[in-house]
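If you're matching positions, the sequence shown starts at 269 in the numbering used here and goes up one per residue.
Treat the hints as calculated values from the structure; they're not laboratory data.
For each residue, glycine too, the CB sits at the ideal point set by N, CA and C.
Hints are not guaranteed to be accurate.
[Said to hold, decoys possible] With beta-carbon atoms standing in for the labels, derived distance ranges:
id : residue 1 : residue 2 : range
1  : Thr299    : Glu371    : 33 to 43 Å
2  : Leu341    : Ala309    : 20 to 30 Å
3  : Glu357    : Asp322    : 48 to 58 Å
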Amino acid sequence: MGPRRASPCATTSWGRSATSGFELHGRVGNTEDSARVETHAAAIHLLNEGGLGDPANALLKVNENRNTQISALKNGFGLISNHLDLTREAHARDERDIVLGMESASRIAEYFHNDSDPARG
Numbered sequence: 269m270g271p272r273r274a275s276p277c278a279t280t281s282w283g284r285s286a287t288s289g290f291e292l293h294g295r296v297g298n299t300e301d302s303a304r305v306e307t308h309a310a311a312i313h314l315l316n317e318g319g320l321g322d323p324a325n326a327l328l329k330v331n332e333n334r335n336t337q338i339s340a341l342k343n344g345f346g347l348i349s350n351h352l353d354l355t356r357e358a359h360a361r362d363e364r365d366i367v368l369g370m371e372s373a374s375r376i377a378e379y380f381h382n383d384s385d386p387a388r389g
């Protein structure tokens, strides 16, 4: 699972963290692809050219294990990035709702009569 979208640059710590998670996801994926190909090629070379079946099979197993671990790591980065994006969006919605609620509550003062207030006359 990857991040659902590229996180926009944001000034909040949540936004910066989500962006970092998205960027790490991409960098790990790019680095891992290169390492996976090179490790596989080395194992095949050991097997075909060197006749070293045991080390080649061990290298292929290491490659397989690393692929599983990298996949879990990338999924984690994606989940963190998505969670922080969704948290930031939810926080913004909550903040907007609070502000709108306070605006309607502040209208209560319009219904009070204060004889000492010259503006109310």
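With 48 to 58 Å as the target window, see if Glu357 and Asp322 comply at their CB atoms. holds (53 Å)
For the pair Thr299 and Glu371, does the Cβ-Cβ distance stay inside 33 to 43 Å? violated (50 Å)
The hint says 20 to 30 Å between Leu341 and Ala309; measuring C-beta to C-beta, is that right? About 23 Å separates the Cβ atoms of Leu341 and Ala309, which means 20 to 30 Å holds.
Checked against the numbered hints given earlier, the structure breaks only hint 1 and satisfies all the rest.
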